[in-house]
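Residue numbers (my numbering): 858 to 983.
It cannot be assumed that every hint is accurate.
Unchecked claim - Computed beta-carbon distance windows for the label pairs:
#1 Tyr907 - Leu864: 52 to 58 Å
#2 Gly926 - Leu889: 31 to 37 Å
#3 Leu906 - Lys866: 58 to 64 Å
#4 Lys865 - Ala915: 53 to 59 Å
#5 Val874 - Asp913: 36 to 42 Å
Said to hold, decoys possible - Quick list of in silico lysine to any residue cross-link-like pairs, SDA-like style, CA-CA up to 25 Å:
#6 Lys865 - Ala876
#7 Lys865 - Ala878
#8 Lys865 - Leu875
#9 Lys866 - Ala878
#10 Lys866 - Gly877
#11 Lys865 - Ala879
#12 Lys866 - Ala879
#13 Lys866 - Ala876
#14 Lys866 - Leu880
#15 Lys866 - Leu881
Calculated from the structure, these hints are not laboratory results.
Since this is a predicted model, take the numbers as computed values, not measurements.
For each residue, glycine too, the CB sits at the ideal point set by N, CA and C.
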Amino acid sequence: MPTHRFLKKGDAVLLAVLAGAALLFCLFYRFLYPKAIAGVAVVTVNGALYGEYPLDTAHSFTVETADGGHNTVVIGDGCAAITDADCPDRLCVQRGRIDRSGQTVVCLPHGVVVTVRGGAESGVDN
858 MPTHRFLKKG DAVLLAVLAG AALLFCLFYR FLYPKAIAGV AVVTVNGALY GEYPLDTAHS
918 FTVETADGGH NTVVIGDGCA AITDADCPDR LCVQRGRIDR SGQTVVCLPH GVVVTVRGGA
978 ESGVDN
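Construct all of the structure, not just a fragment, from the sequences and the given hints.
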């Protein structure tokens, strides 16, 4: 009776290559997007500066837009996020926390943009 192996030699090589590629991707991501040391969160509404807030200091505020909408921005512990919004798709809330220089959260319906600046620059256009 022949024995059937679950993984063949080619399967094992493919898995090793995929695992190596995943590891390289993680390292490459960390190199491209370094943490923003002593960075700030820059908040703009329809292109106009709303405020700049240090990432290491706790801030929580609600941006009221001209169209009657709102976005709640929470900054602190080295990151920034839009935690609540009344826009239809709420993609800005789903984006989650940002903590690396050059990362951005955008609420297109309300024109609210939160960008991390400062610290080590990523060198990548976002």
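Results for each hint:
no., hint, verdict
1, Tyr907 - Leu864: 52 to 58 Å, "55 Å, holds"
2, Gly926 - Leu889: 31 to 37 Å, "33 Å, holds"
3, Leu906 - Lys866: 58 to 64 Å, "60 Å, holds"
4, Lys865 - Ala915: 53 to 59 Å, "55 Å, holds"
5, Val874 - Asp913: 36 to 42 Å, "40 Å, holds"
6, Lys865 - Ala876, "17 Å, holds"
7, Lys865 - Ala878, "20 Å, holds"
8, Lys865 - Leu875, "16 Å, holds"
9, Lys866 - Ala878, "19 Å, holds"
10, Lys866 - Gly877, "17 Å, holds"
11, Lys865 - Ala879, "21 Å, holds"
12, Lys866 - Ala879, "20 Å, holds"
13, Lys866 - Ala876, "16 Å, holds"
14, Lys866 - Leu880, "21 Å, holds"
15, Lys866 - Leu881, "23 Å, holds"
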